[in-house]
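K.L.:
For chain A, the structure is supplied; the task is to place chains B, C and D with the ligands on it using the hints.
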Amino acid sequence: MSVDTTIRMGSLNLRTPLLTGSGTFGYGDEFGSIIDYSSFGGIITKSISLKPRAGNPPPRICETQSGGIINSIGLANVGIYNFIESKVDTLPMGKTEVFLSIVGDSVEEYVEVVEKLEDVSGIAGYELNVSCPNVRRGGLDLGGDKEAIAAIMSSVRTVTGRFVSVKLTPHYPVIAPVAQAAVDAGADALTLTNTLVGMEVDVERRKPLLGNVTGGYSGPPLKPVALAKVWQAAQVVDVPIWASGGMVNGIDCIEFLLAGASALQLGSVLFADPYAPGRILNEMIEYCERHDVTRLSDLVGKLETR
Amino acid sequence: MSVDTTIRMGSLNLRTPLLTGSGTFGYGDEFGSIIDYSSFGGIITKSISLKPRAGNPPPRICETQSGGIINSIGLANVGIYNFIESKVDTLPMGKTEVFLSIVGDSVEEYVEVVEKLEDVSGIAGYELNVSCPNVRRGGLDLGGDKEAIAAIMSSVRTVTGRFVSVKLTPHYPVIAPVAQAAVDAGADALTLTNTLVGMEVDVERRKPLLGNVTGGYSGPPLKPVALAKVWQAAQVVDVPIWASGGMVNGIDCIEFLLAGASALQLGSVLFADPYAPGRILNEMIEYCERHDVTRLSDLVGKLETR
Amino acid sequence: MEQINLPIAEKGVVDQIRKISDDTWDIKVFSPGIAKSSKAAQFVHVRVSEDFRPFLRRPLSVGPCSGDYLRLIFTVKGSGTRLLAQKSTGDVIDLIGPLGNPFKLPEDDEYPIIVGGGIGVVPLLLLDDQLEPDTPRDFLLGVRTESLLPVDEPEIKHRNIQIASDDGSIGFGGNVVQLLERKLSKLQSNRVVVYACGPGMMMYALKQVCIKHSIKAYISLEVPMGCGLGACQSCAVPRSDGDGYLLVCQDGPVFDATEVLIEPEVLR
Amino acid sequence: MEQINLPIAEKGVVDQIRKISDDTWDIKVFSPGIAKSSKAAQFVHVRVSEDFRPFLRRPLSVGPCSGDYLRLIFTVKGSGTRLLAQKSTGDVIDLIGPLGNPFKLPEDDEYPIIVGGGIGVVPLLLLDDQLEPDTPRDFLLGVRTESLLPVDEPEIKHRNIQIASDDGSIGFGGNVVQLLERKLSKLQSNRVVVYACGPGMMMYALKQVCIKHSIKAYISLEVPMGCGLGACQSCAVPRSDGDGYLLVCQDGPVFDATEVLIEPEVLR
Ligand SMILES: Cc1cc2nc3c(=O)[nH]c(=O)nc-3n(C[C@H](O)[C@H](O)[C@H](O)COP(=O)(O)OP(=O)(O)OC[C@H]3O[C@@H](n4cnc5c(N)ncnc54)[C@H](O)[C@@H]3O)c2cc1C
Ligand SMILES: Cc1cc2nc3c(=O)[nH]c(=O)nc-3n(C[C@H](O)[C@H](O)[C@H](O)COP(=O)(O)OP(=O)(O)OC[C@H]3O[C@@H](n4cnc5c(N)ncnc54)[C@H](O)[C@@H]3O)c2cc1C
Ligand SMILES: Cc1cc2nc3c(=O)[nH]c(=O)nc-3n(C[C@H](O)[C@H](O)[C@H](O)COP(=O)(O)O)c2cc1C
Ligand SMILES: Cc1cc2nc3c(=O)[nH]c(=O)nc-3n(C[C@H](O)[C@H](O)[C@H](O)COP(=O)(O)O)c2cc1C
Ligand code: FES
Ligand code: FES
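Residue numbers (the working numbering), protein chains in the order written: chain A, -1 to 304; chain B, -1 to 304; chain C, 608 to 875; chain D, 608 to 875.
Think of the hints as simulated: they come from the structure by calculation, not from any bench. Be aware that a few hints might be false.
For the chain A half of the interface with chain B, some residues (derived, Cβ under 7 Å), not all of them [claimed, not checked]:
1) S64
2) F161
3) L194
4) M197
5) E198
6) V199
7) A226
8) V237
9) I249
10) I252
11) E253
12) L256
Don't be surprised by glycine CBs; every beta carbon is placed ideally from N, CA and C.
Just chain A, with the same shape it has in the complex (with noise of 0.2 Å):
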């Protein structure tokens, strides 16, 4: 049996579901030879700002008890004209879909960023990344705030018409209304979610082991939240959801894509498993021909509850 693995939304037409997730992957070339490009239906930049920026003193990132990491990178990035200058020409774009993922202070900064990239070639779209724990702002809190979010997105629809995901935090105890507003904005899929603000300590020195103290909790602890973020948001809204959080392997794989996922961010697991995009397509596809499943999409929001 061979098995569909193309998902199709609104414009776009991916090879496969997985993605991977924004600041995992660098601006796309620096796995080299290592990573297998076949396997992935696209990718997605670091985070990029209008302004360089430095990111938070090290450490940058530990390993928690619980089985997953968690980094204060602090959106450090190359900023706009330098990611213009000497990384576009670097992207894998051929290879694969690229997508930009943009952060910003303000609803200015991300329309500027945006704007300045509607003039490269090739992209297939944008990941607002409204939800990151690692910087803290001035008046908006930009991650929690759904009248922020959905400025921000109606600002960016009115100078490109290319498609964007808003990429939201998990830290609402209901997705539905923040989701709503951003897809009333104009968004074309949500991203669900980014990582959880967290935090270790190490006893014997009492000093936190992130030189940031807190920072962004993902890996295999972050996907039963995620799971329950993107069900919850495909209860309402009707845009294509891109989950993200802790999916490891396959089936990790399969829950997201029932519960209404309509494509895969791998994050975390591409720094222990450089290789999982391949193994996890194929597990993928075992589970579906075990399942007599021809379409990798024909499982999105398949999840039967009562």
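P.N.:
The following block gives chains B, C and D with the ligands in isolation, referenced to the frame of chain A:
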């Protein structure tokens, strides 16, 4: 060396910082002779509401691949009238301090339940559960809305002089504003945190593992999140913080003390290991001996950050 | 109500472990406190991992007991039972028990029919032992196929267990509820009392049959558990009168079949 | 810049594993692709667990290589290295490497002093091999006490390593930076180039000494890593000019000591 394990908080004087997490220890006598009350500073009952609640459809509990559990009990409880009639007498008063957890659908319900309990003598205080992920409410988003939380707390304050802690959800990117609001409204302590909202899927049957689809995610994967919330809140409020989230050993507990918690709630761990309180108390004492700490309370908030 | 012994915490010691079929194991555990006080359908809550992976204890019925020893007979389903199957002689197992309410033994004028489905036979083995030796009874056991029998040949002979297999590979060809119906057609049914434990679908069918024939049936239910002690409300099953839930660990695991709604999906 | 080989993914096979001291192990791995192309201070990113517990790979310096074999020498610190120490001959280890930039070899007129602290000696062993055999050098190694020596007697002899121990149990009594200062006082220091790797406190002291004597020092740094490939920005160390950070996996692990701010707390 003998280590002083007592904790003083306002009017309270607890034998040890260990409490039970609401809902994991029933009304205090179910564990019978299996539990050793002498390791506890106090116990917190299952959340009690005005009217009895039947709870959610089964299955109500499942495990996660990440080593935690998810429950969707749905605040099943006997209601305040039955509680006063048949449960009050079984509370382990005398053996340990007893705190009653209260839940409601409206400000008035919280007040009414507390009022009724004011006539019961021997109660050390209350914990207001404004953060249960397992029930849907009408207009009020009690877990997310700081105005609602402040309203509940200040109204409850008008009917009781007893110690009151407000228990918050971890589903805030930053806990400070809501923590401050609860304290300003008269909270004597804050409990951080309740469970995350989580979900697991059985891909073979294409069904959620819980009858209610989503539930409260607890155990070790919750620890880094709760720890971050305790630390964030400790930076802004000056009331004691009761930690709750994933503690299974003495080192976990020391982490929470260093991050700023004064009391430590053991929840899910009691299912796996009902002897945990004694074991954990010993592990904390060993740590103190190793580090020449004479009083457990000396560790509170002693995390060194730059 | 019968006098029930309070649960205790006991470190059992594995005396012997043997494989009964491809995925079923039988551990004889030295656990005098629990072995001596357990009654049929009571269970122990077993810690399978010291490092909380998996996190929860696993409820297992107390099987046949002799003196200071009890037997745990279980099928490997997932990570918890897999760890248990790796135990060997001398290993310590952290047990809490006996938990739950036992089967109510038959009145003098009642004729007991014991009906097990697969591994659900375990509490029934202890019941079989606890009936007066001279009490006449029928003991029926259904399996999908012969190789999945959860008890061995000598035990079947000794207890005179009548087997039904879905594929006809052994005994009666058909499911055990069909076999029960056959039995009933030959008996004066108002004297019969059924004792049953098995998978959800079987319990569902069994309840219908017992209602049809107006027979009293005590069933022992298995659902996922948290505390096992009545504290957490994880183990709820719906009351058949629609008025909320009963707790398997506290109100059960034995119920009168008419008391509870049987949802095959939930019981698995 | 020197030509650096692209990293490859390789399944290494454990040829031999031996314990060097209480908590230090030496694994000889058959890994031809990486062994043949690695230069001193480059590292491999090692998968320690197939089931993601612990989650991350562990960076380990490539030790001495011979033909198709490389050596990994490591101290057991936590769960990851503990798992590695349990490997045995024939086991497969998932490696990515060689990663990072190697030490810049000394110019003809430079006199190399190699300074290792504890297990930090590993990349320096490969450096020692990669210097021309007839290049004169000093090779210093500091340990807290004799029993913690990360290399064995024959290796110390063969490489003519001069030991310093904090407690004086072996060699020079004092730390290795003090030993370095002694050496320097006898040499014409503008010809000296220091190659160092060790714990944070040692690197901190070493940098001060080298600045004081105006000596060039190449240091190899160890910080927690995510990807190891320059993609995640986890491995940042502050630039000494205050202008942001450099990445250990991509810009390092070798730095000119004046380039980076040495924060003992972060390097551990
Ligand atoms: C009162 C009682 C008595 C039981 N007696 C026996 C017995 O004697 N022999 C036997 O083989 N089995 C018995 N069971 C079922 C047994 O508890 C489960 O098969 C076992 O817990 C599965 O664990 P696992 O780690 O192998 O499976 P997993 O699939 O890894 O379990 C995942 C989770 O689901 C729970 N779970 C899954 N299936 C069941 C189930 N049917 N009942 C309760 N919890 C479940 C587990 O406890 C665990 O929390 C009994 C259950 C109950 C409630
Ligand atoms: C380029 C480089 C080369 C190294 N070469 C060697 C070597 O040859 N021999 C050797 O024994 N050690 C070496 N280390 C240090 C080694 O990587 C750590 O000791 C090891 O990762 C600790 O893992 P653990 O599971 O034992 O400890 P844990 O305490 O369980 O580790 C917890 C986490 O912290 C990280 N971590 C802790 N200490 C360090 C450290 N000093 N450097 C980097 N990450 C750390 C681990 O990677 C892990 O993510 C090197 C580090 C780097 C960066
Ligand atoms: C080191 C690291 C850096 C990250 N940087 C970003 C980022 O720049 N922008 C963003 O939107 N998400 C970022 N994330 C979040 C991931 O894209 C992903 O949403 C999250 O890690 C959860 O998925 P995972 O469990 O598969 O990693 C980062 C995650 C990690 C681990
Ligand atoms: C089965 C179960 C029932 C719970 N019921 C309640 C409840 O009624 N009220 C409440 O405030 N918290 C309830 N909780 C949350 C716990 O009190 C605790 O805050 C949470 O589980 C996190 O701590 P833990 O990881 O130590 O369990 C419940 C948790 C579990 C596992
Ligand atoms: S398992 Fe906790 S009440 Fe039954
Ligand atoms: S470890 Fe990922 S950039 Fe260095």
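K.L.:
Would you mind marking each hint as holding or not holding in the structure?
P.N.:
Structure-based check of all given hints:
1. Annotation: S64 of chain A was flagged as interfacial toward chain B, and the flag holds, the nearest CB pair being 4 Å apart, inside 7 Å.
2. Interface restraint check: F161 of chain A against chain B, minimum CB-CB distance 26 Å, threshold 7 Å, status violated.
3. Against a cut-off of 7 Å between C-beta atoms, the interface hint on L194 of chain A holds, since the closest Cβ of chain B lies about 5 Å away.
4. The beta carbon of M197 of chain A is positioned within 7 Å of a beta carbon in chain B (closest approach about 4 Å), and the interface hint is therefore held.
5. With its C-beta approaching chain B no nearer than about 6 Å, E198 of chain A sits inside the 7 Å limit, and its interface hint holds.
6. Because the smallest distance between the Cβ of V199 of chain A and any Cβ of chain B comes to about 4 Å, under 7 Å, the interface hint for this residue holds.
7. Because the closest C-beta pair between A226 of chain A and chain B is about 4 Å apart, less than 7 Å, the hint holds.
8. Checking V237 of chain A against chain B by beta carbon gives a least distance of about 20 Å; that is not within 7 Å, so the hint is violated.
9. Below 7 Å, beta-carbon pairs count as interface contacts, and I249 of chain A has one with chain B at about 6 Å; its hint therefore holds.
10. With a least beta-carbon distance of about 5 Å to chain B, the hint placing I252 of chain A at the interface is held under the 7 Å criterion.
11. Nearest Cβ of chain B to the Cβ of E253 of chain A: about 4 Å, under the 7 Å cut. The hint holds.
12. The beta carbon of L256 of chain A is positioned within 7 Å of a beta carbon in chain B (closest approach about 6 Å), and the interface hint is therefore held.
Checked against the numbered hints given earlier, this structure breaks hints 2, 8; the rest are met.
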